[in-house]
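Using the sequences and the hints, build the whole thing.
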Amino acid sequence: MHALGEISIGELAAVLIYLFITAYLGWLGYQGTKNSTDYMVAGRKAHPTVVALSYAATFISTSAIVGFGGAAGMFGMSLLWLCFANILIGIFVAFVWLGRPTRRMGAALDAHTFPELLGRRFQSRFLQAFAGLIIVLFMPLYGTAVLIGGTEFFSQALGLEYGAALFIFAALVAAYVFFGGLKGVMYTDAFQGALMCLAMIVLLLFTYKLAGGVVEGHRALGELKALVPASLQAIGHRGWTAMPEFGFGSPKYNLWWIIVGSLTLGVGVGVLAQPQMAVRFLTVRSGRELDRAVGLGGVFVLLLVGTSYVTGALSNLYFIRHGPVFEGRVVKTLDAARGQALIQVMEKDPERGWADMARVSRPGAKPATEPVFPAAAAGKGPLPKEKLPDGTVREGLVIPAALIKDSPPTKLENGVQVVQGRTISLFAAKGLSDRIIPLYITTALPKWFGMLFMLSLLAAAMSTLSSQFHTVGAALGRDVVGPGRGGFLLVRLGVLVAFLAAAGIGYYARTSPMAVSVVARATAIFFGLCASAFLPTFVGGLFWRRMTRAGAISSTLVGFLVTALWLLLVKTPECRVLGLVSDSLLAGHPNWPVVDPLLVALPLSALTAVLVSLAGKPMDPAHLARCFGEETANP
Amino acid sequence: MLGIEDPWVAAAYVLCVAAAALCVLYSLFVGRASDEESPSSRAPESSEAPRNNP
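Chains as they are written, first to last, in the numbering used here: chain A, 1 to 635; chain B, 1 to 54.
These are calculated hints, taken from the structure and not from any lab test.
The model shown is predicted, which means the values in this text are computed figures rather than measured ones.
Some hints could be false.
[To be verified] Derived coverage of chain A by chain B (criterion: at least 3 residues anywhere in the stretch with Cβ under 8 Å from a Cβ of chain B; other residues may be distant):
1) 77 to 88
2) 186 to 196
3) 301 to 312
Where a beta carbon is used, it is the ideal one built from N, C-alpha and C, also for glycine.
Structure representation (structure tokens):
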């Protein structure tokens, strides 16, 4: 998927050095792991720098850089609202507002995992096991999504076949999690995080240099707005430096709801209740370490996420100025003054002459582009969309392009004038947004940076994956099966199960288009489930003494069920991918199908928590005093 | 502002940097000022004794 070119001996050596350092840090974690507190919560003595880098590196996976960076290439800089939410909510609010009380309560209740914290706060074994089960059942899918992304790079770097690369890559990560526990995870995270930071600083500097500076780059990007594809304009895209159109009740507001409703709020707020993130707060000695970690965490997320989004958006400018050259005939002028037009792409065959290029979708095959001879005559529009007798759908390949002024058009005998032009990122990447960032890296930046970037993506995948393995292992060994039955050996066994599950699904997913689609949505599904199921219980548990066990359990169940139903029946594309319904039940009611489950489920689960808690008897004051780290009145 | 035509997007750009700056300032001033918490509120060094569901 992400072709970064042939790899040299030097690059191979860099990969091996990177892997050696990672293994060494995993070994350091192993050396420092003596008991289950070490294994589960890094001995509760983690350094603020390690906490900050580890938290952010876990948060930012390959998909955040490549996937969301590509999305910014398609949708533009309005995605920076997600970056803002990531920093303000994901770092500042999380560390300053949630981190201290989580750490204090975790220490007071001797909680080693996120489900254990909830379970002990509400004196509910069920709550602990249920939360653990959600993690065990759904996190391996999310893990597989990250694993597949990392394997693509790993197999290319070492020239391995996909299956072998998948197994070795997963085993490598599992090994340092298995032996090093959370210490191993956090040490390697910190190294990987620093590497990612370095790559992103270089990427940001290069990108702005190529764009002609910060202000000039943004201004020039704004001038490309006429080139927004019609399909994106129809959902409210108004240019790469503009917000999408806002409103409710029409498909033309879909993009606003995707960017603000789903991404900014869904992912931005959803991160607060991610078990693999919240457990980081249990790893520090005191609140002071969290205060000191906030600054680095904020800068780190700004660098990683902000750079991806700005680079993705500005890549359009690069491809318009220096990208691949397309030839074709103008079918519509978009902005005459700036030489921007829609062109029907054409190609010349040495023997058969000029052809119109068409996008062809055959039943059961991947879409492809093919020439159609002879090219249409002058005055004709693009090649019309048509369905052929064998079920193949064919339509003209029409792209928005900035025409090359210095290149005079070629005049054909049939009157057609063939012009040359360059197009935006999405079309340069053949319509796949995931390809935008890798294509930009390989074409716009020096080769040595390609290697640094590849390592940073490997690091991004490994740092997220290691925390997932650890969280699933801890959930299985400690929360579902139960504490005190084999200590952290059981958790290690859980790590192995997580590894086998992710590797198994990853291998199987390669052969099944359905599995590929499910895995591609796994991150969104897991984030949504965790946020709605856990956030009211987590926040209520930390700040509201009146919240009861019944309130917590009912809120968690309502959050889980409403999210699951919304994903299964309403939210697109998830409902189509999960396959219970062929299309959203609210397909005729825009913009409901693009509304994030969090916006529906979180208010309901929060309301449930409040109403059920108020209707029941308050919890035992002595227990509450212990939860909140206070001296009890009766010795 | 910053060459970005839409003030909402320009605001997001500025707010990203401002939020990161807020994080840094918080760490510098509050992180440095906050003293060590009392030993009683510190985490136990090690534990495997479950105190679950008393």
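We went through each hint and held it up to the structure:
1. 77 to 88: Since three or more residues must qualify, the claim that chain B covers the region 77 to 88 of chain A holds, with 8 doing so at under 8 Å.
2. 186 to 196: violated (count 0)
3. 301 to 312: holds (count 3)
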